[in-house]
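Quick one: dock chain against chain with the hints and give me the complex.
The lines below spell out each chain.
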Amino acid sequence: MQKIKYLLITFLFFVTFQLGNAQRFPEPEFETDYTVPETQTVAPRALAWEYMDVVVLFAALSVMSWFVIKKRSRKGIFWTSIFSIAYFGAFREGCVCSVGSIQNITLSLFQADYVIPLTVIAFFVLPLLFTLLFGRTFCAGVCFMGALQDLVHIKPVTVPTWISKPLSALPYIYLVLALLLAATGADFIVCRYDPFIGFFRMNATFGMFVFGAIILILGIFVGRPYCRFLCPYGVLLSWMSRLSIWHTTVTPSACIQCKLCETSCPVDAIDKPTIVKPEPADKGRKRLITLLILLPVFVFVGGFMSSLMYKQLSTIHPTVSLAEEIKWEIDNHKKTGSEESKAFHTSGIPAEQLFVDAASIQSQFYVGTWLGGALLGLFFGISLLQHAVVQRRTDYEPNKSNCVSCGKCYKYCPVDKDGKSSLIQL
Amino acid sequence: MNDTAQKKLTAKYLAIISGSIVLIVSLFMILNFVQIKIHHPIESNTVDTMVKKLVTTDDEQTLREEIRVVDLLARKAYFSYLWQLKTGAWLAIISGLVFVFSLRYYFKKENITPANEQKAADFWLNRNKERKWLIISVSGLAIVAFGLSFATNDYYTDFSKFVKNETKEIATSKAAIKDTTTQINDTTTVDSTTVADFPTDAEIKQNHPAFRGPYGLGVSYKTKLPTDWDGTSGKNIKWKKAIPLPGLNSPVIWGNQLYISGANEKTRKVFCYNRLNGNLLWTVDVKGIAGSPAKSPKVTNDTGHSASGLTTDGKRVYALFSNGDLIAIDNSGKQIWAKNLGVPDNHYGHSSSLQFFKDKLIIQYDDNKSCKLFAFSTQTGEEVWKTVRSGKISWTSPVIVPKGNGAEIIVNNLPYIAAYNAETGKEKWKVECLTGEVGSSPAYGGGMVFTANEYAKMVGIKDGKIVWEGFDYLPDVSSPVAYKDMVFFTTSYGDLACFNQKDGAVLWHHEFDNGFYGSPVIADGKLYCIDRTGTTVIVEAAREFKLIGQPILGEKSDCTPAFADGTIYIRGQKNLYCISK
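Residue numbers (this note's numbering), protein chains in the order written: chain A, 1 to 426; chain B, 427 to 1007.
Hints may be right or wrong, so weigh each one.
With a Cα cut of at most 25 Å, we get these calculated PhoX-like pairs of lysine-lysine [as the list claims (entries may be wrong)]: (1) B:Lys982 to A:Lys335; (2) B:Lys534 to A:Lys411; (3) A:Lys420 to B:Lys535; (4) B:Lys478 to A:Lys342; (5) A:Lys342 to B:Lys463; (6) B:Lys558 to A:Lys283; (7) B:Lys478 to A:Lys335; (8) A:Lys334 to B:Lys438; (9) A:Lys71 to B:Lys534; (10) B:Lys760 to A:Lys75; (11) A:Lys75 to B:Lys534; (12) B:Lys760 to B:Lys724; (13) B:Lys982 to B:Lys1000; (14) B:Lys982 to A:Lys327; (15) A:Lys272 to B:Lys535; (16) A:Lys334 to B:Lys724; (17) A:Lys259 to B:Lys478; (18) A:Lys75 to B:Lys433; (19) B:Lys667 to B:Lys695.
Hints are computed from structural coordinates only; laboratory data are not their basis.
The structure presented is a predicted model; accordingly, all values stated were derived computationally and were not measured.
Chain B on its own, in the form it takes in the complex (with noise of 0.2 Å):
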């Protein structure tokens, strides 16, 4: 064997075993990348699942201890994970390195030998040929092309046409970011004439006037409710009967009659129930108000065309639909008034409920342009006061603090949550501290604020100024409400929690299989939380976490249960249900 002849064959073992190293290094490091893509050291949930536990736990330092132990091994885990990346990497780039110039020296040609006779073609045969394949790659490319574009084309939205006036929105936007509050004016207060009616407090809270009850604050004064049923088999349910159009709004009460309203597209209904036997007393179609525009605004499924929720003084109800259709109606199922408060701009659907105040129907509107806040008169419609806030859309509703004779409105919107005065609409007070879309409404007890917005915040206010804030367990549809020295919040993901009015310490948690969008109320002492299933979690409204039951409706539900003395209404997604021992 010659010298080149040698050198060649050591060459080619060079590549042999370089090659090999690179394959079998490669190899580890792709079962590596593989094992870690499985059980990611970051992204075990070990350690996330044991501080939880740090909440209920008896013995917190061992816990705290084990902890440790267990996130010291994580990062150990993903440190070496590292150093065998780089060891791997740099082992495959020498090897690769040693293979590439080691097959380059055997495959070396040592004399340049003559290819192959090959028979020169014609020049245009060969252009035809190149043509040909030319033309099919780019028709083919081109055919492929299209077929994706048209299989895809329904996947993906074409965001122009949510350019409507674009310019106008943005400078009104900017302009209402500016506080215009208008003032009462001789012109626009009540008429002399009218006959101040409305209920006193002590009525407002023998009934459940609106949505979370009276003065939507969530709290109801109903006692002996029945706390286990099954609306699948029927036990406790009085009575259950199917609602002829879709809604979100929750059940009203005064009285004897209860009150929903449901809409699609083409169609608003005001609907009248005896709520002793279910039967349907009237029915209101509203439709021919003066300003009303031919065709409903889009708005998503999930929010509907009649999500607000009603509120009723005993003498009439009120109903505020998607296109901003008001009315008011008698409780024989006569029309008194209506209007049209002019079309929201509002991507999901305007859904804050309404409220009232003495002779006043409280109404919150935001939308894209501008948030307002009015008063119309009960009796007449007529707009009382006008207040345009500063901030940007929100889908929550005011709630009523009674303050002596009078009271204060308290509303939420981006980023902000303001105090109005009822009978003036004059801002007292309003702190920044809510981000993204905000959804929950404001709490009210203990002479406190309390609100809270899932990548927010949540916050406890007295006079005017923060006390606490917290970051846990943040709502993201439903409402937190107050009761004694608690607070509670229910999440999108299932969580409930209980916090210290005061402080904002968590006083507990649990964590339950499904979300909640309806709002938990505090009626009898308990805590009543409908799930997005339709199931009612029922706790014991106390310091301490004490489940009572778990009683399922049969059908899902996003609203928020309606009290009556020993009687529960929950809307349905498709029925009515009146719930009693």
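Looking at chain A on its own, in the form it has when it is part of the complex (with noise of 0.2 Å):
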């Protein structure tokens, strides 16, 4: 009964969005001989198919990896992927996905009443773990929305840094507020404006079926956009790749820096081998100490930044957003007339409770927004040190954190595993 309980809540958490817009029509008002069946709540997925969810998982991931890894098969990689958009997202819906399962492991983690399931965990969890072995194999198209992406980039654009660079701190804010949102129970922001999930349910809203189609527009040129500029699941996955024990390499044995693979990879995570001019000792020293300095004041002005935003965000909350609307109510002397203003008056709480109420969220959202700035701050100091530290290269490299493991670019190099190269025999 339990997990039935907490499937109906994740299930629920998913879909609110798309059942508030499945618009029903109302009885007929006169009486008539029709019998108005009962309405049918959709059932929970059966335990035995969520456990078969995780066989697939596990398997999809394993089969990647070996793809990836050891036969460095590009064909095998992107039939895995048709089958990940195939199964995860057009047979089971997007639902639960590792993306969105961030927030359930939140919720459990702040919520004591919410008790996560198994399936979940697995979710969340496996990925990371592959990760962790294998580099962002996951990403490479066990996840439907990259496998997605993958499969619309078509004529590839490289994007300019000062494009990328601003956009690449988009997943860490995204990943905070929906921790925030998550941890306070307010919404689950990722499902909510998920791209693609619409698509495959067939019940997308226009907003969001206006945007997926951006996406995947986009995508047709700008390599997996959504995991690089949004996924918040992408950040902690970049973190476990970095930490990778068998990552996929561009070339199978010795670089001969031919640069047939230079401009190869979707989301330009090739380094390229470094020259380094040499500059004076001090000043990297220099510009090290003072970001290091910074740091803390980095954490601070972030946390401080992100509180001023307190209130703002609570609106979010559902019990703030009506306390809003009821405070406004009695101030106007008018009522809103919407559905939740009407339920709420129908339900006789006094408005001085549903204050207090949202005064006790907006206290939690004041503590997280300090956190979560806090967070932001560190990453971005993090981020300013990681440039001011030499990397040196010789060989072009797949960039650990960056690279999503496609495969793309294993065409282009010339070199085969036992080191001989193409091109010398030209």
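Below is the structure:
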């Protein structure tokens, strides 16, 4: 029973928005002979299917990792990603997905009465574990969202630094926001604003349809725009991938620096050999020390700036939103006439009680925005520190953090695993 | 053309065709969406309008059939929209897949060609460039967020200001759920040396001693009242006086004296006018009352600091303010007694009007902590009895139902309507029927009690039991009035409806342009209802709708009229009007 409850909660979070928009024609007001059928609720996914999902996820990750690391087969990666779109996207309709699971995990940590289903834990942990071993093989095509974008990426365009760098901050902000809203029980925004789920369920709202279409059209030219510039789970995966034990490489043996692979990466994740002009020793040291001193400042400023927005952000929580609405009604002595307002007035709960509840949620948001902002400040500081440290490379290597292991660079490399180059033969 | 080139050409045409289909289908779906957004079959009010006509039409059967046809058409439109949406989506998805695969094939590279020679950049040059953009973007985001948060800060509420001793309040509120009627005891009874002085029933009915007239029942016994006036041109306006302080209490009258009160955060006053010429006879500044708080509680503008209606027994006039100050003043303007009842914890502001029964001043004193009903001695202000009622805060006023030598006090709150013995404060019956924020007071007539509240229902109660229920034309602020075998309700949306007392059947309903906050009063066989713009809707208090007039005041009013022989007194937002032919 508990499991069904949790499943329902999870499911509801995912589909509330869509169900809310699934308009149903009101019953006729006249008495007729017609018997109105009972409202049917969508049954929770059978437990066996849930376990099946975990098995399929594990199998897909294993096969994908095998294709990426062992076989270095772009074809294998491609067809595994097609399978993922079909199974996790079309058949499972994108739920539960690993990207959204961060919210369930957060909610379970902050709300004692929410017990997270094992399936969701598996969907959260397995990709991270595989990434720690093999790099982002999950992103390569097990994630149906990544696979879909990979499928439509046809005419690659390189995104200039002045666009890619600012946008690269967005996933961190989205992650912090998603964690804050999940921890406070306000909303599961990653699911609510999933650009593709509406396509698979054939019930996208107009706004989400447009958003999804924009991502796909953009994806024709820009490799995986959602993965690179929005995906909050990608942040965690990139951290894991940095530590990965067996990460894929551009070349199966030794790089001959032919430069063929230089522009092959759809996500600009191939690091080129570095040319480091020597600079005065104290300059680098000074830069590093300054940034280290500034790190706590970034953390504080981030926390402070974010905390200024706690009231605004708290209105995403339905209770605070309702309290604002009722407060407006009181101040203006009018009724908004919204369903929420009507339901509240019918409930008999005094407005004062609602305001007290809203105040409690606002205080959670105040603490949450401080912590979230501090975290963003920390990310920013660490990122600047990374940019202050020399990384010497002599070969073309995948950037472990950003490489999604799609294998598109494989065919660009003329070297085989025995170190023989087809270029030499030519 | 070789085989590969031929295949590429086919892929190109396929991509063009499928891409065009995706584009056209998407365009149609967007147009369909926009069309549905503008004319949504579910949200169309055609059926509603036709259903409303059912009440007045002579040919009900034909209209029913017409409604069925319109209803069916709307349903068909809705389901065909769904079908179009689903079919379009499938078509777009399939075409989209064809488009993607064709395009993939068309752009498939046969040979890998080296990329354009890129000049290797210095590591630090690259890093500096990246760092620059990172700093610019993060700083930009921070500035935008900072600016937005400041710009919008005032639009959002800091709800922490509503949290004050919340634990204590909730505990008190829970404790109040249990009835704890405090019985009269020897120490709180009226001093035996005081002489009982109170008006007779006939005297009460000759005057307008409280909000909604004698006993607060909404029925005046005055006649020869005007039905036509114009506050802007001065037609039938005998006099008009600017009111020195704001207030939402309605005038009360005894003899030739008319009383109102006004207050703001700092000042509280009671005014007495000569109702014949409008001269201000006296003003009492209500201050220096023991226990009165230094600072007035926060109230909303729509309630104000003196929303509670006054009451007068001919010898004294009694007034209550938002801070809990209660005062009794004799008809010459001399303070007889005063006390503070404790600052009510009321998020709108206290607004229940005062009543009296014999020598007891009856006060409904509800707040977020508890709901109390007090009886104070009109002569001394001493507490005669106090009943702590179950339920939650309301903004309604008690009505007195005389029964033999005694009386019942009928009181609304959330979620109950209850009757109490006026002599002892003991509960006689209680019915759970209200929800939400209760602002409408009860009505009594024909042996039945009537009450209603928006978002709840209306009920007809006899002997403490619900006889009928209704769900249309529910009032939010105004109170119903019972007359002969009818009961009338006005709503904040401008509805005026007449129901049969016995079974709650709708006898007639009329929708006016503006909502009603002031309560309707029956006088001279007519129903006087002031809407929020100050227009008084006058209809015959009869089983058939007949509009008599809609005279205007020339300013807004949320008050209830008071009546004397041949004269009507209306408190506008700023002025007090005496209307007479």
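Q. Holds or violated: A:Lys334 with B:Lys438, Cα cutoff 25 Å?
A. Answer violated: A:Lys334 to B:Lys438 is near 60 Å, above 25 Å.
**Asked** Regarding the pair B:Lys982 and A:Lys335, is the alpha-carbon distance no greater than 25 Å?
**Response** Satisfied, since the Cα-Cα distance of roughly 19 Å is no more than 25 Å.
#### Entry: B:Lys478 paired with A:Lys342 [C-alpha distance capped at 25 Å]
With a Cα-Cα distance of about 22 Å, the restraint between B:Lys478 and A:Lys342 holds, given a limit of 25 Å.
*asked:* Holds or violated: A:Lys272 and B:Lys535, Cα atoms, limit 25 Å.
replied: Between A:Lys272 and B:Lys535 the Cα gap is close to 23 Å, so the pair holds against 25 Å.
- prompt: Holds or violated: A:Lys75 with B:Lys534, Cα cutoff 25 Å?
  reply: With a Cα-Cα distance of about 13 Å, the restraint between A:Lys75 and B:Lys534 holds, given a limit of 25 Å.
Hint consistency between A:Lys342 and B:Lys463 [alpha-carbon to alpha-carbon, up to 25 Å]: holds (23 Å)
25 Å Cα cutoff - pair B:Lys667, B:Lys695: Cα-Cα ~16 Å, so holds.
Can the restraint linking B:Lys760 and B:Lys724 be considered satisfied, given a maximum Cα separation of 25 Å?
The hint is violated at about 29 Å.
Q. Is the Cα-Cα distance between B:Lys558 and A:Lys283 25 Å or less?
A. holds (17 Å)
> Under the criterion that the straight-line Cα-Cα distance not exceed 25 Å, is the pair B:Lys534, A:Lys411 satisfied?
Replying inline: Within the cut-off at roughly 13 Å; holds.
| message | Holds or violated: A:Lys334 and B:Lys724, Cα atoms, limit 25 Å. | response | At roughly 19 Å apart (the allowed maximum being 25 Å), B:Lys724 and A:Lys334 satisfy the hint.
For the pair supplied as a hint, B:Lys478 and A:Lys335, confirm whether the alpha-carbon distance does not exceed 25 Å. holds (23 Å)
Taken one by one, the earlier hints fail for this structure at numbers 8, 10, 12 and 17, listed in ascending order.
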